[in-house]
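Heads up: the protein sequence lines correspond to chains A and B, in order.
Residue numbers 1 to 401, in my numbering, belong to the letters of the first sequence in order.
Residue numbers 1 to 112, in my numbering, belong to the letters of the second sequence in order.
Hints in this document: simulated from the structure, not taken from any laboratory.
Computed from a predicted model, the values in this text were never measured in an experiment.
Yeah, the Cβ is synthetic: ideal placement off N, Cα and C, and Gly gets one too.
One thing to keep in mind: the hints can contain errors.
What the hints assert, rightly or not - Here chain A is said to cover these stretches of chain B; the calculated rule only asks that three of the stretch's residues, wherever they fall, bring their Cβ under 8 Å from a Cβ of chain A: (1) 19-27; (2) 34-40; (3) 43-56; (4) 64-74.
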Amino acid sequence: MDMASELILIIVIVTAVGFDFTNGFHDTANAVATSIATGALKPRQAVVMSATFNLIGAFISISVAAKIASGLISATSLHGNSGLVLVFAALCGAILWNLLTWYFTLPSSSSHALIGGIVGAALVGGVTVKWHSLFSSVLIPAVLSPFICMGIAALSTFMVYRLARSIGEGRTKRGYKQGQIISAALVSLAHGTNDAQKTMGVITLALIAYGETHLLHNKVGAHGVVVGSALSVPIWVKILCGGAIAAGTATGGWRIINTMGNRITDVESPQGFSAETASAAVILASSYYGYPLSTTHVVSGGVMGAGIGKRAAVHWGVAGQMATGWIFTIPAAGVVGAIAWSVADLFGKGSAVGALVIAAIVAAAAAAVFQLAQRKPITAAELDRTAKPPTAPLTPAPAGA
Amino acid sequence: MNPFAAVTYKAVPPSVPLIDWTALWHIVVISLAFGSGLALGFGLLLLGLSRGEDGKRGIEKAGGFLLAGLCGAACIAAIGVGVYVMCNPPKSKPDKVVAVTSSYVAGIRANL
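Chain B with its partners taken away, still in its complex shape:
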């Protein structure tokens, strides 16, 4: 008996591209902005702290601490956005999940 006899292969829909270039482009840009931005922001925070601690003049110290404060706030905001996205994924994604899950469960119910 051929074990693959019952296997059917779903045809690839011609209208659906294999790669969604628009989404890919967006992913690259967003990842670049957040990934490199966070590393750079944290680096500037350290630079600001360093200037603030080692500065000879008052204005230099204040400028350093101001830079550190702004970069620290930006880093916290970026992390906050990341956590928010984790907790609240876009609405379209769960809907897709619900759709496929529904078809699965419908199959189960039909066969119970």
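If we strip away everything but chain A, and leave its shape as in the complex, we get:
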């Protein structure tokens, strides 16, 4: 392999790890926002616990590796340097959308951002997009899952508050606060098993494209018959990806945690527990039937359902902003992915220079977003509800919302 291939491979790996990191801090809120909002856990404790379970989740299964990339586009068209640049462009689209939604404090799906980036780059890169698969495996579940989780969380919350009348308010809240630690861990574990795998798959496929074909081996079925091929994810890739998503989670995406835990509805511990258990049940049941869902969509639906179940005020204005962000995730990440691929292609097909230029632009854009976010930071201390009684939401919903 030439130096250009080596350079592009390194850029793809670094970008993939960068995406995993943004995935971690963007999605921390899914697992811990309600636990922090109810004071079940201190913010720092919550993100460290979530990071630990994300890391464990990254190691317990590799079955979903490469599922997203290979299920949505005709992967046989990807090869050599141009294939690597296409994957790189997709990652760029996903990273930029993740950072923008983080800046605007909107919980949005990192998986959908990656899918959008892949589809956008594939369209301009002349790679066939499997539209049927995109609709049936991604878009329709994305629309239905928040409503399913909302309904289940609403019913659970309603039942829990009916039971609470016989238990007493103080005991109920204390009990469910302890339960929330377990439910948050369960959601973190589910998140780790799903999200860290995508990046592992992307890096492994890049390594194979580079020439590390020993990572591919025959899959032997019953009676010793070769039934296909399987990927071996190198241990250093697992450690790298698990570490990146855990580090991102531990950083704490406080901006999105604030939205998810405080701005959708005022969450009490029984509601938080109901939302988290409903989310974990929907994610696991869907995974079992082969529908990888966005944990962000599911958990957001769960939090709204928990508000409805208690007949508490749900700030539909905030929910509407989030839904708008969800609608634009795939197209927006797709546009960025397409632009990234097109600009890189200006320097020649599969050019390392093109990839370097795009990497520099994305790094500069990421630094600018971080800088802008520092002007109105949201810190862990502001979100801590363990030391003081619940106060008004940090960033209240607009009047009339």
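On the provided structure of chain A, position chain B as indicated by the hints.
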């Protein structure tokens, strides 16, 4: 040059429905059973503990603790099933992944 010139659009197979209603129905029922069941089970555990601690008569206390024990065991079992499903996804799913991954890798090898 039209950048979309090389794009081909895969036709939607007419026999494959866009929504698998059977799977959707199963997902709703299983999620409802586990999600609401766990929340209800945990609520009954707390109720049992409350009755066990505050009960005036011995039988009331014993009944409360028994309820709490049974519900606690049910909650742990439900969480155990969830973790098991995470660690051991169904066999059909990885096979699909292997199939698409194989086609990808075959393409890469052909072009190496």
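Point to revise | Unmet hints by their number, sorted upward, for this structure | key: Violated: hint 4 alone.
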